[in-house]
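Enquirer: Now for the letters of each chain:
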Amino acid sequence: MPVYSARVLVSLRPSVLDPAGEATRAAAARLGVAGVSRLRIGKAVEVELEAPDAEAARTQLELLSDRLLANPVIENWTLELNADAAPGA
Amino acid sequence: MTLGVVVFPGSNCDRDVQWAAEGCLGIPTRFLWHEQRDLSGLDAVVIPGGFSYGDYLRCGAIARFAPVLEEVKAFAERGGPVLGICNGFQVLTEMGLLPGALTRNQHLHFLCEPAELVVEPGRCSWLQGYGHGQRVTFPIAHGEGRYQADPELLQRLEQNGQVVLRYARNPNGSVGDVAGLSNATGNVLGLMPHPERACDATTGGVDGRALLASLLA
Numbered sequence: 003m004p005v006y007s008a009r010v011l012v013s014l015r016p017s018v019l020d021p022a023g024e025a026t027r028a029a030a031a032r033l034g035v036a037g038v039s040r041l042r043i044g045k046a047v048e049v050e051l052e053a054p055d056a057e058a059a060r061t062q063l064e065l066l067s068d069r070l071l072a073n074p075v076i077e078n079w080t081l082e083l084n085a086d087a088a089p090g091a
Numbered sequence: 158m159t160l161g162v163v164v165f166p167g168s169n170c171d172r173d174v175q176w177a178a179e180g181c182l183g184i185p186t187r188f189l190w191h192e193q194r195d196l197s198g199l200d201a202v203v204i205p206g207g208f209s210y211g212d213y214l215r216c217g218a219i220a221r222f223a224p225v226l227e228e229v230k231a232f233a234e235r236g237g238p239v240l241g242i243c244n245g246f247q248v249l250t251e252m253g254l255l256p257g258a259l260t261r262n263q264h265l266h267f268l269c270e271p272a273e274l275v276v277e278p279g280r281c282s283w284l285q286g287y288g289h290g291q292r293v294t295f296p297i298a299h300g301e302g303r304y305q306a307d308p309e310l311l312q313r314l315e316q317n318g319q320v321v322l323r324y325a326r327n328p329n330g331s332v333g334d335v336a337g338l339s340n341a342t343g344n345v346l347g348l349m350p351h352p353e354r355a356c357d358a359t360t361g362g363v364d365g366r367a368l369l370a371s372l373l374a
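If you're matching them up, the sequences are chains A and B in order. Going left to right, the first sequence walks through residues 3 to 91 as our numbering numbers them. Going left to right, the second sequence walks through residues 158 to 374 as our numbering numbers them.
Accuracy of the hints is not assured; some may be wrong.
[Unchecked claim] Straight-line C-alpha distance at most 20 Å; calculated SDA-like pairs for lysine to any residue:
#  : chain 1 : residue 1 : chain 2 : residue 2
1  : A       : Lys45     : B       : Asp212
2  : A       : Lys45     : B       : Gly300
3  : A       : Lys45     : B       : Gly211
4  : B       : Lys230    : A       : Arg69
5  : A       : Lys45     : A       : Ser17
6  : A       : Lys45     : A       : Trp79
7  : A       : Lys45     : B       : Leu265
8  : A       : Lys45     : A       : Leu66
9  : B       : Lys230    : B       : Gly343
10 : A       : Lys45     : B       : Trp190
11 : A       : Lys45     : A       : Met3
12 : B       : Lys230    : B       : Trp190
13 : A       : Lys45     : A       : Leu19
14 : A       : Lys45     : B       : Ile219
15 : A       : Lys45     : B       : Tyr210
16 : A       : Lys45     : A       : Arg32
17 : A       : Lys45     : B       : Tyr213
18 : A       : Lys45     : B       : Leu214
19 : B       : Lys230    : B       : Arg194
20 : B       : Lys230    : A       : Leu70
21 : A       : Lys45     : B       : Arg194
22 : A       : Lys45     : B       : Gly343
Since the hints were derived computationally from the structure, they do not count as laboratory data.
Start from the sequences and build out the full structure, keeping to the hints where you can.
Expert: Take a look at the structure:
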């Protein structure tokens, strides 16, 4: 079966405070990088998945993102799926 | 009366719960390793504090798939009393037994101190030993205890009387000063503070006794 690669970006919803992001923003100023007005920390999850076709891969990755990688109560996610599959083993 | 205490790789308050229940109150306990499914003979279940599977991804996110928790979920849905303390509260929200989520403390500090709480027992079976508006002190020990819910959800929880424990002085930025929540039917309670660490007079107060003693009522 072909192998699809994808990247899932998980970010805190805009309404949710990100204290770690705020602490990092304060550190940016101490480094001498002025003018950082917003800094929010999320996660990038790289996934490789065997699937019969791109559509099936997308369906599985959406389930994975929504039910495990992100908690929709506090996080949003976006999926970047590379439509060019690598040949499977 | 037998109390089940779930044990994950990383749980570290399982023995505290055992001491509080069995040692201080005479309630027999049985440890439930995360891979097992047998809840037979149990009258109530505690998901204790500590960590679960390293809390990779998010606190409680991996624990949610533990075999024992499938049985705990069914037990709760049949009306069985379930108590989630600290990491156990995080697990209950990830499982969907309680709404909302617990996130990083507002000021990033790990908090380890006594916390004064205001109890509003409502329908919560675990809190019937406390009076309306009673103030109690339980220790807190967490880095990710800031309760998060959108305003509509919080309003609904308030109206349903599900916000059963509030911080007298909010230590972590939780919305609505939420320290503990019950489900709509009152048999499931999740709280960040540690009632099991407030059951033995030699280690800082006995305000937590009435919570576990509710099982004997």
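Enquirer: Could you grab the alpha-carbon distance between A/Lys45 and B/Asp212 and see if it respects the 20 Å cut-off?
Expert: holds (15 Å)
Enquirer: Given the hinted pair A/Lys45 and B/Ile219, is their Cα-Cα distance within 20 Å?
Expert: With Cα atoms ~16 Å apart, A/Lys45 and B/Ile219 stay inside 20 Å; holds.
Enquirer: Would you check the hint for A/Lys45 and A/Ser17, treating anything up to 20 Å between C-alpha atoms as holding?
Expert: holds (17 Å)
Enquirer: Does the structure keep A/Lys45 and B/Tyr210 at a Cα separation of 20 Å or less?
Expert: holds (19 Å)
Enquirer: A/Lys45 and B/Gly211: Cα distance at most 20 Å?
Expert: holds (17 Å)
Enquirer: Within a Cα-Cα threshold of 20 Å, do A/Lys45 and B/Gly300 meet the stated pairing?
Expert: holds (19 Å)
Enquirer: Are B/Lys230 and A/Leu70 close enough, with their CA atoms no more than 20 Å apart?
Expert: Holds, because 18 Å separates the two Cα atoms, which is no more than 20 Å.
Enquirer: Keeping to a limit of 20 Å between CA atoms, is the pair of A/Lys45 and A/Arg32 held or broken?
Expert: Cα-Cα ~24 Å, so violated.
Enquirer: Can the restraint linking A/Lys45 and B/Trp190 be considered satisfied, given a maximum Cα separation of 20 Å?
Expert: violated (31 Å)
Enquirer: Would you check the hint for A/Lys45 and B/Arg194, treating anything up to 20 Å between C-alpha atoms as holding?
Expert: violated (33 Å)
Enquirer: Check whether the Cα positions of A/Lys45 and B/Leu214 lie no farther apart than 20 Å.
Expert: holds (9 Å)
Enquirer: Please work out if A/Lys45 and A/Trp79 have their alpha carbons no farther apart than 20 Å.
Expert: The hint holds at about 9 Å.
In the structure shown, a violation is registered for the earlier hints numbered 10, 11, 16, 21, 22, in ascending order.
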